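S.K.: So the chains spell out like this:
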Amino acid sequence: MAEDIVRVENLKAYYQMNYFGVSREVRAVDGITMSVRKGEVYGIAGESSSGKTSFIKVLAAAIRPPLKVVEGSVKFDFKNGPIDVATATPKEIEAVRWKHLSYIMQGSMSVLNPVRRIGKTFHDFAARPMGLTGKAFEDRVIAHLARLKLPADVLRAYPHELSGGMRQRVTIGLATVCHPEFIIADEPTTALDVVVQKEVLSLIRDIQKEMNAAVVFVTHDMSVHANVADRVGIIYAGRLVEEGPTREMFFAPKHPYTAHLVASLPRIGDVKQRPALEGRPPNLGDPPQGCRFHPRCPLAVDKCRQEVPPLETVGPDHRTACWRWQDVKPLVGASAPSGVMA
Amino acid sequence: MTTLLDVRDVSKRFTMGGIFGRKTVDAVMDANFSLSAENPEIFTIIGESGSGKTTLARMILGLEDPSEGEILFRGQKVSRHGGRAEKLAFMSQVQPVFQNPFEAFNPLKKIERYLESTARRFLATSDKAAIDRAMDEALQKVGLSLKEVHGRFPHEMSGGQLQRCAIARALIPNPPLLIADEPVSMVDASLRMSIVNLLKSLRDDLKVSVIYITHDLATAYYISNRLIIMQRGRIVEMGDARTVLDNPQHPYSKLLKASVLSTDDAGDGKLATDPGMVSAANGLVGQAGKLVVRPDGREVRVYG
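Chains as they are written, first to last, in this note's numbering: chain A, 102 to 443; chain B, 2 to 305.
Treat the hints with care, since some could be wrong.
Claimed, not checked - Listing some non-contacts, in silico: residues in chain B with all C-beta distances to chain A over 10 angstroms:
hint : residue
1    : PHE15
2    : GLU87
3    : SER93
4    : PRO174
5    : ASP182
6    : ARG193
7    : SER195
8    : ARG233
9    : VAL286
What the hints assert, rightly or not - Covered stretches of chain B, as calculated for chain A (at least 3 residues, CB under 8 angstroms):
hint : stretch
10   : 30-41
11   : 246-256
12   : 273-279
As the list claims (entries may be wrong) - Heads up, simulated DSS-like pairs for lysine-lysine below, C-alpha to C-alpha not over 30 angstroms straight-line:
hint : chain 1 : residue 1 : chain 2 : residue 2
13   : A       : LYS310    : B       : LYS201
14   : A       : LYS310    : B       : LYS258
15   : A       : LYS373    : B       : LYS110
16   : A       : LYS158    : A       : LYS113
17   : A       : LYS373    : B       : LYS255
18   : A       : LYS373    : B       : LYS208
19   : B       : LYS110    : B       : LYS78
20   : B       : LYS142    : A       : LYS373
21   : A       : LYS430    : B       : LYS201
22   : B       : LYS258    : A       : LYS250
I should point out that these hints are in silico values taken from the structure, not numbers from a laboratory.
These numbers were taken from a predicted model, which means no experiment stands behind them.
Built from N, CA and C at the ideal position, the CB exists for glycine as well.
This is chain A alone, in the form it adopts within the complex (with noise of 0.2 angstroms):
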């Protein structure tokens, strides 16, 4: 098994605000413990208010106030050494930036600068990193380009010349051209349409196998994470609730909301009446007691509503966070196949 490339400890990160005398505190990411190993891509799903945000800001050390760490750890294994990027100092944080933690953000249109063309852009971002100007600069990211099966041409455009699935391969590149260990993709692909949707997936995969990294994924579509993570974590809430392998949470989650985000997914094919989950995500700042999940939860019984349930350890590599676990059963008759335990 390979090692981890980052562990997050038991992390608490708060939005805490005070402002003309009323203080405020939004419990965004409350207690999650979870770990990603080298090469790896792991996935993240969670709706709107879940904390997912909140969450992968803290991985990217892009911790500013109201957001703060109240406590936890965030341990990065890099190559130039190790580093908790919940107490480092700004210029810790500055040397694994983009040259080994880096980032491919969501909605292209507003992350690439309008009136700057492409070139420069880049060069905003990586030259420094990379520690290399002018033409041996220009060289290699046309290079990284070409395996992305952009033209070079690219360079010298400016963003509104290129169509959507391009600006976003353009992100991943500037993302991938340091050859970063660590990469955090936020919901990269919410703003295409299929047919482009898949193209930049699979151009995600091959350069996360070519370069071997690892890869936290970010989104609310389940079908993607179907098809691109090899672990899937569910985070609802501020909390992690599942975490499994990608194909056991699919076809044997142990949690009644795992189970109900896999069954609502209609299929071509099948027209059988899909259950929708009444309710809405808790509010974060007076989240309910107990389990968090239990005012939407067809299973709820009294225990889940006074004591929060922990982590456990369900099988190799899925851990689940339900008084429950053993009744959980898949909705739809997702029909496991072999070589999967029920």
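Starting from the known structure of chain A, arrange chain B on it as the hints suggest.
M.R.: What follows is chain B alone, placed relative to chain A:
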């Protein structure tokens, strides 16, 4: 059989640029289809970005005039021009639901204000009790009630609830036709199915026809009766939703179906699309061809 909506040979051409370097873009070319008034159905328009699906919807809503052809709603021509009363009468029959519920509502005003202004307009009354009743009725249809919504601002509700409110607003004048432009793409995964199921129940229980615009083939298969697939402004395949999606015949429809991410082989990471399929589909862009009826009732565009 009376027709509710009749789209006849509709084309839309936009011009870009000024006096110098003027260019034209054909957004929609020769679109033809009709919806019947007796059998409410969910009619789906599928296409990638830039395929002209939104332009077509805007023309049906009367926000854009077709360059060629005409759109008839219950025998009346749909047009951007015309009198105020005429337009209001048309708007009470055809209502839109927009993509992003967070942008459809004014964040500074209570949700009921938006519903109220629609009710006031279409009921042509200022009787508070009548307006409240109309709002409550519409909200009941989408599984909410005025009591739940009362006094709340858009940020206090989830995307799914907000999208339900937007649909409720569209239902206030009891329209026979709703135009829903990607109504679920901005809604969270766990709430998405509730919106899709809602559209289905609107058709089955309230007899409302829905034009459902999307690029998601799976939900289209799940709820629609008929669909059209558009590629760069042209309809390339049209027919019964299940017939078309079970076995698409046009190269572009095949490519779309092959690009849908399947969860059946979760964890194997099969992502490569057959490059032959991509080039076959792209090679047909810009070729006119013509729609031919196949024995199973669908129409497919053939070339040469």
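S.K.: Let me make sure I understand: some of the numbered hints might not hold for this structure. Which ones are they, in numerical order?
M.R.: Violated hints (numbers, rising): 6, 7, 10, 13, 15 and 19; every other hint is consistent with the structure.
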